[in-house]
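Asker: This is what each chain is made of:
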Amino acid sequence: MAMIEVEQLTKKYRDRVAIDALSFTIDEGSIVGFLGPNGAGKSTTMKILTGFMPATRGKARVAGFDIFEQPLEAKRKIGYLPETPPLYPELTVRGYLKFVAELKGVPRKSIASEIDRVASVTGVTSELDRLTGTLSKGYRQRVGIAQALLGDPALLILDEPTEGLDPRQRKEVLELIKSFAGKHTVVLSTHILAEVKAICQKVLIIHRGKIVANDSMEALTKGKETGLEDTFIQLTAE
Amino acid sequence: MRNTLAIAKKELAVYLTTPWAWVVFTGMAFISSFFFIASLLSFKQVQDTARQIPGGWAQLPPDYQAFRNLTDGVVLNLFGVILVVTLFAAPFLSMRLLAEERRQKTFELLMTTPTRAIDIVLGKYLGAVGIVVATLSVTLVFPLILTVLGSSESGTALEWTTVWLGYLALVLWGATCMAIGLFISSLTESQMVAAVITFAVSMVWMLIRAIAPNAEEPTRSILSYLSFDWQLQNLLKGVMDLKPIVFFSSVIAFFLLLTHRSIEARRWT
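Chains as they are written, first to last, in our numbering: chain A, 1 to 238; chain B, 1 to 269.
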């Protein structure tokens, strides 16, 4: 079954076309790398898919729900990590996760256990009672991921989840995402190709708002070690 | 509904962990206690004068008649001061409501969870009203002091009905300032800009009556009707009046509607 169906999706910021008639589908349970040079329209696409902003034209469906017509139903299926982890520095990690769990409609009785679950999965259990404002960048990013996992959404949309992490944290986060395979559908954007190679089964490359590749990892690397880099550079050339 | 309450609770938690709310509470306590003591002193002075001169109260000018009892002489004076302090305090409390969400990028979180725009507006507003009520209730200590320590020849030291009606007026005024502030906070990312504009709008709206006498009818009546201090005058004197309740509820509803529109509109740009 398709988790995400996108048809002719277009977004214009006044005269500037950010994404231009994108069409693609993403299957349930797969981990998809969403690639493109800076300013290609990755974040815009993600913001539309999560219902944060409406598209100028076209349709997007998440788990069968049109994100514009049935936003609440669609949003219940989505866990989203924006480019900047959306934290309130005045709240403790626990208070913050509780707030997000309430917004997501996690049943009152299971909020505490749900917080413990996502905290242990993302490794922030020891930091639960610290103020999010005092956390290091790595922990902030993890709390951002923990927040996305609350309520066990079918679809995770992660905008540059490894941005700003040190190599060890990067590896941990990637392994965490890899472990979601089969349980969650994951769409992650990044411009670090090695990460994509390590964990994604499918790759979507966009350039100047248009899809230039939508294929499995094997097809894009063509069996070579530097295959993905070569393809990427070739496809996103001027 | 649950999301509304979750947002309201979060707002209060953030208010009470940042220094802002405490600064405002302290400011309110400091300024109003200053004026409380001042009006107590003049109250005592007038009372003494009334006792010393032959003929008593009847001989004193009408201005002094208010000092015959504690409610009119002290508490009602104090309400005027609290009203002005609220005018200054509300912009500082409301400025961060939506501007801060935008600056911290947490607005994206609110909009991508299954939360409707109306939940965000009502939740934010509920939290805002909560903090204004908390600020105003700091001043409840003064009527309480008078009740405990004061005395009167005729029954209780204070007429609490009058006091409560005064507080109703103050809460209406504070809640209105917060609704204006919430809307203005939704228009900008800068808290300073939000605070200054909110202050300017509430100040002008409050003092609009000052320019009314120079205007011609029907402008004059319209201006006085729209001015907050004209609307509040009866309640502040302890006279029950439904008109200001309807008036302020409409102003609040109007600004909440504008906030809702502004949140929705922001998504389209």
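Calculated from the structure, these hints are not laboratory results. Just so you know, these numbers come straight off a predicted model, no measurement behind them. Wrong hints could be hidden among the right ones.
Which chain B residues stay away from chain A? Per the calculated CB distances, all over 12 Å, these [to be verified]: (1) 45; (2) 50; (3) 77; (4) 80; (5) 110; (6) 111; (7) 114; (8) 119; (9) 193; (10) 209.
What follows is a list of derived Cβ distance ranges for each label pair [claimed, not checked]: (11) B/193 with A/230: 29 to 37 Å; (12) B/239 with A/68: 48 to 56 Å; (13) A/7 with B/264: 19 to 27 Å; (14) A/166 with B/189: 27 to 35 Å; (15) B/42 with A/89: 54 to 62 Å; (16) B/257 with A/235: 44 to 52 Å; (17) B/239 with A/14: 51 to 59 Å.
Output of the computed footprint for chain A on chain B, the stretches with three or more beta carbons under 8 Å from beta carbons of chain A [unchecked claim]: (18) 9-19; (19) 97-106.
Built from N, CA and C at the ideal position, the CB exists for glycine as well.
Asker: Taking the hints in turn, state whether each one holds.
Answerer: The hints, checked one at a time:
Once the 12 Å rule is applied to beta carbons, residue 45 of chain B is consistent with being away from chain A; the minimum gap is 47 Å. Residue 50 of chain B, annotated as away from the interface, keeps every beta carbon of chain A farther than 12 Å; the closest lies near 53 Å. Residue-level check passed: residue 77 of chain B sits 37 Å from the nearest beta carbon of chain A, beyond 12 Å. At roughly 34 Å, the least C-beta separation between residue 80 of chain B and chain A is larger than 12 Å, which holds for a residue marked as non-interface.
Consistency note on residue 110 of chain B: stated as away from chain A, yet its beta-carbon is not over 12 Å from all of that chain's, at 7 Å minimum. Distance to chain A contradicts residue 111 of chain B as a non-interface residue, since its nearest Cβ pair spans about 5 Å, not more than 12 Å. Remark: the non-interface label on residue 114 of chain B conflicts with the geometry, its nearest Cβ contact in chain A lying 4 Å away (cut-off 12 Å). With 12 Å as the threshold on Cβ separation, the claim that residue 119 of chain B sits away from chain A is violated: the shortest Cβ distance comes to roughly 9 Å.
Separation of residue 193 of chain B from chain A is adequate, the least Cβ-Cβ distance of about 21 Å exceeding the 12 Å criterion. Its beta-carbon lying about 39 Å from the closest one in chain A, residue 209 of chain B satisfies the requirement of being farther than 12 Å from that chain. Taken as a hint, the range 29 to 37 Å is violated for the pair residue 193 of chain B and residue 230 of chain A, whose Cβ atoms sit roughly 50 Å apart. Between residue 239 of chain B and residue 68 of chain A, the C-beta spacing of about 52 Å keeps the proposed range 48 to 56 Å intact.
Between residue 7 of chain A and residue 264 of chain B the beta carbons are some 24 Å apart, a value that agrees with the proposed interval 19 to 27 Å. A C-beta distance of roughly 31 Å is found between residue 166 of chain A and residue 189 of chain B, which places it inside the suggested range of 27 to 35 Å. For the pair residue 42 of chain B and residue 89 of chain A, the beta carbons lie near 47 Å from each other, so the given range of 54 to 62 Å is not met. At roughly 48 Å, the beta-carbon separation of residue 257 of chain B and residue 235 of chain A lies within the given 44 to 52 Å, and the hint holds.
The hinted window of 51 to 59 Å between residue 239 of chain B and residue 14 of chain A holds, with their beta carbons roughly 55 Å apart. With 6 residues carrying a beta carbon less than 8 Å from a beta carbon of chain A, the region 9-19 of chain B meets the three-residue requirement, and the given coverage holds. For the region 97-106 of chain B, the assignment as covered by chain A holds, since 3 residues bring a beta-carbon within under 8 Å of that chain's beta-carbons and 3 suffice.
Of the numbered hints listed earlier, those contradicted by the structure are 5, 6, 7, 8, 11, 15.
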